[in-house]
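When you get a sec, could you build the whole thing from the sequences and use the hints?
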Amino acid sequence: MKRSVPFEIFRYAAILAAMAVTLVPILWMVSMAFKPIGEWSATGADLTWWPRQPTLANFQFVFGHSTNDLIVALDHTAVKPILSSLLSAVFGTVIAMSAGTAAAYGLSRFGSGQNLPLALIQLRLFPPMAVMIPVMIMWAFLNLNDTWWGLALIYGIVTLPFAFWLMKTFFDDLPREIEEAALVEGCSRLRVFTRITLPMMRAPLASAALFVFILNWSDYLIALLLTTREWVTIPVYMASLSSSMTGQLYGAKAALGLIAAVPPVIMGIAIQRHLVRGLTFGALKQ
Amino acid sequence: MSAVTATIAEDKMEARTKPATPNEGARLGFRLTLPAQILVLFISAFPLLMQLYISVTDWSPLSGIGWWNAWEMWNSFANYTDLAADTRFWSALQRTAIVMLVCVPAEFLLGLALATLFADDFPGKRIFYSILLMPMMVVPAVAGYMFFMLFQSGGPVNDILSRIVGGPVTIAWLSDPTLALIAVMVADIWQWTPLMFLILLAGLVGVPEDQMKAATLLGANAWQRFTTIVLPKMKTIIIIALAIRVIENFKIFDTLYIMTGGGPGVATETISVYIYKVTTQDLIWGYVAAIALAILIVLSIVAVYAMKRMAKGREVPV
Amino acid sequence: MSAIHLKNLTKSFGDFAALKTMDLEIADGEFMALLGPSGCGKSTTMNMIAGMEEPTSGRILFGERDMAGVPMGRRGVGFVFQNYAIFTHMTVRQNLAYGPKMRGAAKAEIDRRVGAIAEMLQLSPLLDRKADRLSVNILQRVAIGRSAIMEPAIFLLDEPLSNVDAAFRAVMRTELKQLQRQFRQTMVYVTHDQLEAMTMADRIAVMDHGVLQQVGTPLEVYNNPANVFVARFIGAPGMNLLKGMPAESDRGLVVDLGPLGVTPPLPDELAPAVRAARGDVLYGFRPEQVTLAERGLSMPVSFVERIGARTIVHLGEGEGAVKAVFENDVGSSVGQIAVVAPPASSVRVFDAATGLAVKAG
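Those sequence lines, one after another, are chains A, B and C. Heads up: the first sequence begins at 1190 in our numbering, then just goes up one per residue. Heads up: the second sequence begins at 9 in our numbering, then just goes up one per residue. Heads up: the third sequence begins at 2 in our numbering, then just goes up one per residue.
Keep in mind that the hints were calculated from the coordinates and are not lab data. Just so it is clear, the structure is predicted and the values come from calculations on it, not from any experiment. Some hints could be false.
Computed list of lysine-lysine pairs in DSBU-like fashion (alpha-carbon distance at most 35 Å, straight line) [said to hold, decoys possible]: (1) C:Lys244 to B:Lys221; (2) B:Lys221 to C:Lys21; (3) B:Lys259 to B:Lys285.
Structure, rendered in structure tokens:
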């Protein structure tokens, strides 16, 4: 429908306002990540929106290179937290996607596991905080505390509902004719699943995996409870950074925040098309 | 974007293919769903029983005995009666409700307004869309840290305000009880309005264009079209969007905890923060288990009720 | 009720000229069909009449009133969409009441009007049904009723039968025509189906590639196509057109059909015009008017379609192919030589260069 000129002006004005609100927090952190220590904390007229003397010192600092400005010693660098975040998120995704895809196929094609859709929604409904006591006890018992594989296991379970529901709707959408043809040709059902269906589903699988990865990568609370020192993840590490000498290590934290924020934002834009489906448990398809 | 179809959880659950050899299909189906079933059981049944067991004891990780021996510390149902009288718990619950009642409607209205602006094509739409979605992809803890920086008394929020009023502004956002709560809610709204926007836009473009034109031809103005056509058609989608945000908002922790740690005092202590503190600082796990169970039970009742309501008013494609 | 005048109407979408030029007078109370293949500009024309799109240039008048800048909600047109665009989340009653309600009519008034229109369209028993599970003919009536309740001066219908089963179309056509007689409004009906246009319309405007080709009653358009496009488009199958060179003979003016080796005579009344045009012509005749004859076009049968009441015999191949339609089965079979001849009165002549019909004097 045709829109009037005043409407167009209003639209762009409103969108630009929304863009400003959206971008200011992000840009402030980006700017902070490149600010030298002297510009971190300032009041009134000294406040700088853009670094006057942009520097990579913050990034060097979190990776353990002390610089002239920052003579604080870190008891450990960001390398291991980054590794921990990566390993736990990747293997958490592997667990969620393997179990979720298999179960989604089982339900979509053979009607097995009728209880799963609801059980998994309920799993998502409860605050993680309300189930963490037994998890902490169990993880301690299984020697999984403060390990990336312990995190990966709980991540795999926590994001299983998303993996399952996403893949279920993808399988439901997939026409069965090809599979049925292969069955007629004499393939076993398992072979049809692994050799025909899964290869056809490469793109949906990739989208679902990215979606699950973002969720795992974004966790803070679970890692806060289940890791203490060795395998803390980036957000936990970031939050713990502060020093009695300099107070808040703004720049260093911002640098870490940037490192943590970039991958999911890029992946999120890459799977934009499937975001609605993922976030609504497949109830809405775009 | 093509048409949007809305289906509800229980739809389409029956398998559509009749297996050529029923046994083979059923067996494979069972094996395929087994890992997921085990994981679900692993995280629900056993922990639930453990939680139930511990919740009637005074057990704590510091008590020097294994949890399985917690019966030695049996305190009948003291944890539950304590909970009923725990003002800190109730005020945390109340605070959680306030945050939800402010954030979810705000996110909904802002998201809907934005979605309306994006309903038809205009130059730059794609790039604006991608940028506006960014907040929801930022790691929540990082978002919390962003707003922690923004709301420093020497931070950019005060800087912007001082430019507006033309004098120095040094509001101590995060150390004032009311302002801290506002700051926390602003962060939540910033991060999750995009989700509402995304879902509602998907619903909005699914409203049949011909019916909108028909309404226009019959003399409906923009507002009338919105209330008589758009809203009724989006009912299911709106319910889904609100439900998702209510559920997620109830769990609010990451951004808030990074920004204020629940403080100042208990000014921003929501239910998750409260449980976290009791778990990690007071370490009275028997009591925590009781709180957690109480919440699980209440949520389950709400969930079952909601599912029943939704199944009754089930609406299939628009 | 109102007449519609389209004056020098054009519409471009970027570089694409959807409507190159359009001048059309639609009389008050007339049923006008806009007929043409998809992409011919018929829907664009109608959308402009409805006000859904602005013309690039030219004017649209309803009676004396210029419609430029009048928004679609205020034009007083009823519009029936291809898919009917029924509000599926409402009942039939709510659908019918929608227009008056939006304009703030009183409750009693709305009830009265809904009752009246439902009575007329035989929708009374269905008023409280939800509109998402109705059969197409009911949907069509609801769509018409929903517009008719506003008492529009003009009714626009956008291919309302294209989603309907072939078997059901005849029923729907009859119903539509009856409704039009009842309402007596000016109706503009867009379709690509000539049968619909021929059976329902008072006049047909044939369009192609954004250009109006011919306006006339169904029989005029059928009998005297204005150009080669209309000749081929109207009729099923379309008119046979054979390329030939006019030649003088002792029988008067004839046309030399080249490889077919015959020189049938041209109608006398057309002779002066053909002579004046000097050039190749297209010798046209309707397949239905062909008869088997002793002398005439003798051609091999290439294909025979027997479709019950009629038999279509395909003769020859390529440019010189001819189709003949017979009411009864004829004994022809593939490979046979058939001799067919059109009666002199049915012959139409077109200028091969311009494609326009050659008219007498």
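Right, here's what the structure says about each hint:
1. C:Lys244 to B:Lys221: 48 Å, violated
2. B:Lys221 to C:Lys21: 25 Å, holds
3. B:Lys259 to B:Lys285: Since the Cα atoms of B:Lys259 and B:Lys285 sit roughly 15 Å apart, the hinted pair holds (cutoff 35 Å).
Hint compliance for this structure: hint 1 is the single one not met.
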